[in-house]
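Undergrad: Here is what each chain is made of, one letter per residue.
Protein chains: 2
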Amino acid sequence: MDHQENRQFRLARRPVGHVKREDFEFRTDPARAPEAGEIMVAVEYISLDPAMRGWMNEGKSYIRPVGLGEVMRAGALGTILQSKAEGFSTGDVVTGALGVQSIATIAAKDCTKIDPALAPKPLFLSALGMPGMTAYFGLLAVGEPKPGETIVVSGAAGAVGALVGQIGKIKGCHVVGIAGGAEKCRYIVDELGFDAAIDYKSEKIPARLRETCPEGIDVYFDNVGGQILDDCLAQINLRARIVICGAISQYNNTTPVKGPANYLSLLVNRARMQGMIVFDYADRYAEGAKEMASWLREGRLKSREDIVEGLETFPDTLGRLFTGENFGKLMLKV
Amino acid sequence: MDHQENRQFRLARRPVGHVKREDFEFRTDPARAPEAGEIMVAVEYISLDPAMRGWMNEGKSYIRPVGLGEVMRAGALGTILQSKAEGFSTGDVVTGALGVQSIATIAAKDCTKIDPALAPKPLFLSALGMPGMTAYFGLLAVGEPKPGETIVVSGAAGAVGALVGQIGKIKGCHVVGIAGGAEKCRYIVDELGFDAAIDYKSEKIPARLRETCPEGIDVYFDNVGGQILDDCLAQINLRARIVICGAISQYNNTTPVKGPANYLSLLVNRARMQGMIVFDYADRYAEGAKEMASWLREGRLKSREDIVEGLETFPDTLGRLFTGENFGKLMLKV
Numbered sequence: 001m002d003h004q005e006n007r008q009f010r011l012a013r014r015p016v017g018h019v020k021r022e023d024f025e026f027r028t029d030p031a032r033a034p035e036a037g038e039i040m041v042a043v044e045y046i047s048l049d050p051a052m053r054g055w056m057n058e059g060k061s062y063i064r065p066v067g068l069g070e071v072m073r074a075g076a077l078g079t080i081l082q083s084k085a086e087g088f089s090t091g092d093v094v095t096g097a098l099g100v101q102s103i104a105t106i107a108a109k110d111c112t113k114i115d116p117a118l119a120p121k122p123l124f125l126s127a128l129g130m131p132g133m134t135a136y137f138g139l140l141a142v143g144e145p146k147p148g149e150t151i152v153v154s155g156a157a158g159a160v161g162a163l164v165g166q167i168g169k170i171k172g173c174h175v176v177g178i179a180g181g182a183e184k185c186r187y188i189v190d191e192l193g194f195d196a197a198i199d200y201k202s203e204k205i206p207a208r209l210r211e212t213c214p215e216g217i218d219v220y221f222d223n224v225g226g227q228i229l230d231d232c233l234a235q236i237n238l239r240a241r242i243v244i245c246g247a248i249s250q251y252n253n254t255t256p257v258k259g260p261a262n263y264l265s266l267l268v269n270r271a272r273m274q275g276m277i278v279f280d281y282a283d284r285y286a287e288g289a290k291e292m293a294s295w296l297r298e299g300r301l302k303s304r305e306d307i308v309e310g311l312e313t314f315p316d317t318l319g320r321l322f323t324g325e326n327f328g329k330l331m332l333k334v
Numbered sequence: 001m002d003h004q005e006n007r008q009f010r011l012a013r014r015p016v017g018h019v020k021r022e023d024f025e026f027r028t029d030p031a032r033a034p035e036a037g038e039i040m041v042a043v044e045y046i047s048l049d050p051a052m053r054g055w056m057n058e059g060k061s062y063i064r065p066v067g068l069g070e071v072m073r074a075g076a077l078g079t080i081l082q083s084k085a086e087g088f089s090t091g092d093v094v095t096g097a098l099g100v101q102s103i104a105t106i107a108a109k110d111c112t113k114i115d116p117a118l119a120p121k122p123l124f125l126s127a128l129g130m131p132g133m134t135a136y137f138g139l140l141a142v143g144e145p146k147p148g149e150t151i152v153v154s155g156a157a158g159a160v161g162a163l164v165g166q167i168g169k170i171k172g173c174h175v176v177g178i179a180g181g182a183e184k185c186r187y188i189v190d191e192l193g194f195d196a197a198i199d200y201k202s203e204k205i206p207a208r209l210r211e212t213c214p215e216g217i218d219v220y221f222d223n224v225g226g227q228i229l230d231d232c233l234a235q236i237n238l239r240a241r242i243v244i245c246g247a248i249s250q251y252n253n254t255t256p257v258k259g260p261a262n263y264l265s266l267l268v269n270r271a272r273m274q275g276m277i278v279f280d281y282a283d284r285y286a287e288g289a290k291e292m293a294s295w296l297r298e299g300r301l302k303s304r305e306d307i308v309e310g311l312e313t314f315p316d317t318l319g320r321l322f323t324g325e326n327f328g329k330l331m332l333k334v
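Protein chains in written order, with the UniProt record's numbering: chain A, 1 to 334; chain B, 1 to 334.
Derived by calculation from the structure, the hints in this document are not laboratory data.
From the three backbone atoms N, C-alpha and C, an ideal C-beta is built for every residue, glycine too.
Hints are not guaranteed to be accurate.
As the list claims (entries may be wrong) - Short, incomplete list of chain A residues facing chain B, as computed with Cβ under 7 Å:
1) I63
2) I244
3) V257
4) P260
5) A261
6) V268
7) R270
8) A271
9) G275
10) F279
11) A282
Generate the whole structure from the sequences, applying the supplied hints.
TA: Encoded structure:
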């Protein structure tokens with residue numbers, strides 16, 4: 001075990017606009033043996049998330065940027081090869097910020113042991129992982145939907161959006177999803193049970209919002225920002241809640257972010273727009289995961305993973321998030 | 001009393017950009033005698049507010065637009081000349097939406113009797129009226145400041161802003177005001193007790209915010225919108241609250257409203273931006289006015305009125321709100 005190879009992507013420069021392969025160094029180093037309190041993990045699945053684009057930028061954010069020369073940060077799941085940490089044994093399966101690499105040596109306290117008998121491993125990076133917790137707490141704790149209200153969610157076929165809509169249906173709401181392309185729109189209505197879908201690639205969003213939300217919008221769960229946020233702001237109800245979870249349309253901007261010109265709709269409607277970061281709910285993950293797992297078991301919640309094989313495909317696979325090519329929770333199988 | 005003359009401003013056309021005299025018809029009609037449930041009021045003071053600009057525009061808002069040909073809506077104070085309503089007598093002083101006219105005939109149920117022995121009449125249109133209630137509930141119920149936090153307020157020498165800052169000081173906060181010109185800046189610091197002032201006409205706001213808010217911004221009370229909102233968004237703290245009370249910089253736009261390009265600071269900081277309309281707190285006005293009146297009596301709260309004589313000056317006097325010429329709560333003395 002002493003000379004295992006660790007294939008890894010390190011951030012070589014700060015990307016401008018869309019991420020390119022040259023923004024990273026793909027190299028192989030000897031894996032580092034664990035020290036006291038650490039574990040060495042064979043990484044199996046790496047979660048690819050829109051937020052990773054922000055972590056590559058310099059500047060103050062909710063988490064420190066990935067440093068130049070560092071292994072790219074990513075949530076991942078793997079099996080312990082060696083442990084120097086109490087309570088963690090070889091063969092245990094863990095999740096944590098293992099990074100875009102094949103072997104991670106990391107403090108055990110920063111990882112969470114999971115029980116792979118409970119669900120297929122990829123689910124622990126989707127419905128039972130960060131996207132699941134983001135959807136659960138973002139919708140329920142920030143959006144505060146009430147039965148009978150209308151929820152609109154963008155990025156509706158994505159990892160978070162698909163769960164937001166399904167949780168909304170479980171809570172008795174009228175749910176409309178905005179997604180790109182006929183296949184995704186069909187999927188969220190026919191397979192996930194959304195009440196309606198709007199195809200932002202081929203339909204006029206304002207007119208379709210009026211059709212599909214005849215009673216206006218009470219909760220808008222925003223994953224995309226840009227013009228769609230503005231279109232939704234124009235049709236919110238009194239005391240509406242807008243959950244700002246992401247702004248994928250703006251992450252690769254090389255020009256200034258487009259602010260929501262219709263923000264004064266918040267004033268007219270006494271509505272609120274509130275940002276949400278899943279890490280704030282860490283002390284409630286167990287509660288969220290328990291309820292999500294029971295909905296999965298009961299068949300009330302479906303989770304779709306989009307799994308790409310090959311660590312070496314990382315930069316190109318990540319790029320699929322921003323072109324709308326992925327369908328379901330995107331992850332790499334190492 | 002049968003042929004009293006009512007001088008009045010009626011909305012003649014929908015203004016484009018800044019309000020012009022030609023947007024109104026100034027005419028004299030016989031005053032209408034009150035019918036059952038109505039009172040006829042000699043209007044003494046008319047409140048001039050930024051919100052009036054919005055009421056002149058067509059389209060859905062929190063209140064119906066003033067119709068073409070109708071007397072311009074305005075809050076005002078006057079003395080009853082004739083009453084056909086129980087509980088209201090000749091000589092009683094009332095406030096209500098009496099309009100921009102010298103004599104109003106109006107349903108008594110839409111007016112509030114006030115006790116002119118408690119405070120000078122103009123105060124019932126400022127600290128004890130809508131601006132006072134806006135400041136009180138906007139800051140305390142929406143902004144939710146905690147002692148030791150930093151509050152920034154724009155339009156800080158205006159009717160609402162000056163009260164917001166003083167209430168913030170009473171609540172134990174660090175308070176910074178943004179106002180236009182050295183005289184207003186001196187006033188809010190030296191006379192009202194703000195901790196610091198930023199002159200948006202001569203100073204660089206981002207640098208001055210860093211200097212005057214070394215611990216960041218916890219509550220931003222926005223009366224102006226535009227670039228100042230963006231500058232404040234860039235310096236908010238975790239879980240900051242942004243109260244959207246107005247956007248006077250945008251009310252006369254003939255181009256699209258400038259959306260806050262830094263709105264993703266809400267995401268990074270898990271902050272919220274929430275609109276506020278004073279009418280929503282109508283059932284708590286008595287509570288707010290009681291506390292404001294006691295602070296006024298104790299000398300902890302100062303109110304400044306900017307009273308212009310002459311109903312006929314209405315369009316020009318209203319325009320002073322948008323050029324920053326007024327200083328204190330602007331009103332007309334009929």
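Undergrad: Just to be careful: measuring from the Cβ of R270 (chain A) to every Cβ in chain B, is the smallest value less than 7 Å?
TA: 5 Å, holds
Undergrad: If you take the shortest Cβ to Cβ gap from V268 (chain A) to chain B, is it below 7 Å?
TA: Result: holds, 5 Å to nearest chain B Cβ.
Undergrad: Hint validation: A271 (chain A) versus chain B, beta carbon distance must be below 7 Å. Holds or violated?
TA: 6 Å, holds
Undergrad: May I ask you to test the interface hint for G275 (chain A) with respect to chain B, counting a Cβ-Cβ separation under 7 Å as satisfied?
TA: 4 Å, holds
Undergrad: Min Cβ distance, V257 (chain A) to chain B: is it shorter than 7 Å?
TA: 5 Å, holds
Undergrad: Are P260 (chain A) and chain B close enough, Cβ to Cβ, to be under 7 Å, as the hint says?
TA: Since chain B brings a Cβ to about 4 Å from P260 (chain A), closer than 7 Å, the hint holds.
Undergrad: Hint I63 (chain A) vs chain B: min CB-CB distance below 7 Å?
TA: The hint is violated - I63 (chain A) has no Cβ within 7 Å of chain B, the shortest such distance being about 9 Å.
Undergrad: Hint check: is the beta carbon of A261 (chain A) less than 7 Å from a beta carbon of chain B?
TA: 4 Å, holds
Undergrad: Using Cβ atoms only, decide whether A282 (chain A) comes closer than 7 Å to chain B, and label the hint accordingly.
TA: 13 Å, violated
Undergrad: Does I244 (chain A) hold up as a contact with chain B if the rule is Cβ-Cβ below 7 Å?
TA: 5 Å, holds
Undergrad: Does the closest beta carbon of chain B sit nearer than 7 Å to the beta carbon of F279 (chain A)?
TA: F279 (chain A) check fails; min Cβ-Cβ to chain B is 9 Å, beyond 7 Å.
Hint compliance for this structure: hints 1, 10 and 11 are not met, and every other hint is.
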